[in-house]
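Given the sequences, and given the hints that come with them, work out the whole structure.
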Amino acid sequence: MNYHFHWGIVGQNLGYLLHGIWLTLAVTAVSLAVAIVIGLVIGIMRISSKGVLKRVAGVYVEVFRNTPTLVQLIWVYYCLPVLTGINLSPTSSCIFALSINSAAYVAEIFRAGIQAVPSGQLEAARSIGMSYSKAMRKIILPQAVRQMIPPFVNEFVSLLKYSSLVSVLGVADLTYQAQTLSTTTFRPIEIFTFIGVVYFLLCWAISAAAHVLEQKIRVIA
1 MNYHFHWGIV GQNLGYLLHG IWLTLAVTAV SLAVAIVIGL VIGIMRISSK
51 GVLKRVAGVY VEVFRNTPTL VQLIWVYYCL PVLTGINLSP TSSCIFALSI
101 NSAAYVAEIF RAGIQAVPSG QLEAARSIGM SYSKAMRKII LPQAVRQMIP
151 PFVNEFVSLL KYSSLVSVLG VADLTYQAQT LSTTTFRPIE IFTFIGVVYF
201 LLCWAISAAA HVLEQKIRVI A
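Per the numbering used here, the sequence shown starts with residue 1, numbered consecutively.
Read the hints as simulated data drawn from the structure, not as lab findings. One thing to keep in mind: the hints can contain errors.
What the hints assert, rightly or not - In silico DSSO-like links for lysine-lysine, alpha-carbon gap of 30 Å or less:
1. Lys50 <-> Lys161
2. Lys161 <-> Lys216
3. Lys54 <-> Lys134
4. Lys216 <-> Lys134
5. Lys138 <-> Lys54
6. Lys138 <-> Lys50
7. Lys138 <-> Lys216
Shown next, in the form of structure tokens:
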């Protein structure tokens with residue numbers, strides 16, 4: 001092998017890569033926050049006694065879980081403006097697409113977490129005069145959250161990795177910066193090895209932090 005590694009190229013372009021890391025984390029965090037809000041609504045609809053709501057939520061989950069994320073990204077950016085007349089920036093399109101995709105998985109996390117709480121607790125709360133929404137907020141969801149931490153972490157990590165797809169729309173995330181630098185420096189091995197390590201460390205750090213949080217919650221409980 002005649003290839004001579006030049007790891008200094010990473011340091012010389014660290015500013016671009018750090019900007020990419022920041023944007024990657026920002027897109028992931030905002031997408032997950034929006035997905036949690038949408039997913040909570042869809043998850044509650046999934047366990048609703050009203051058949052229409054349950055079926056609508058079921059269709060939503062199946063559609064977004066069974067179509068490729070990349071196709072959804074491209075559809076939101078190129079097709080949605082044609083149908084609605086609403087033009088979104090590449091970054092906004094990516095956040096919107098990742099959010100509605102992740103919401104399908106988050107909805108199932110909420111559904112499973114809520115159903116893990118004994119149904120008698122909801123019935124008891126309703127029997128003392130609590131509304132359904134208040135019983136959910138005060139009784140059910142606080143208990144369900146403990147069950148949701150591991151799958152939420154998995155979804156966060158998955159979303160972080162899927163965020164690399166936004167580079168196809170020109171969003172200057174970590175992967176996009178790496179693609180640009182590898183073509184201008186002719187050092188793809190060093191650049192992509194570096195971002196691979198960065199993605200690994202980010203995912204590992206999130207998982208480790210969540211594990212610590214989960215242990216503390218168990219001790220408190």
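Hint check results:
For the proposed pair Lys50 and Lys161, the alpha carbon gap of about 36 Å is over 30 Å, so the pair is violated. The suggested pairing of Lys161 with Lys216 holds, with an alpha-carbon distance near 27 Å, which does not exceed 30 Å. Between Lys54 and Lys134, the direct Cα distance comes to roughly 21 Å. Compliance with the 30 Å bound is thereby established for this hinted pair. Note on Lys216 and Lys134: the hinted pairing holds, with a Cα-Cα distance of about 26 Å set against a maximum of 30 Å.
A threshold of 30 Å between alpha carbons decides the hint, and for Lys138 with Lys54 the separation of about 23 Å falls inside it, so the pair holds. Distance restraint check for Lys138 and Lys50: the Cα-Cα separation of roughly 22 Å lies within the 30 Å cut-off, and the hinted pair is therefore satisfied. For a cut-off of 30 Å, the pair hint linking Lys138 to Lys216 stands: about 21 Å separates their Cα positions.
In summary, the one numbered hint that this structure violates is 1.
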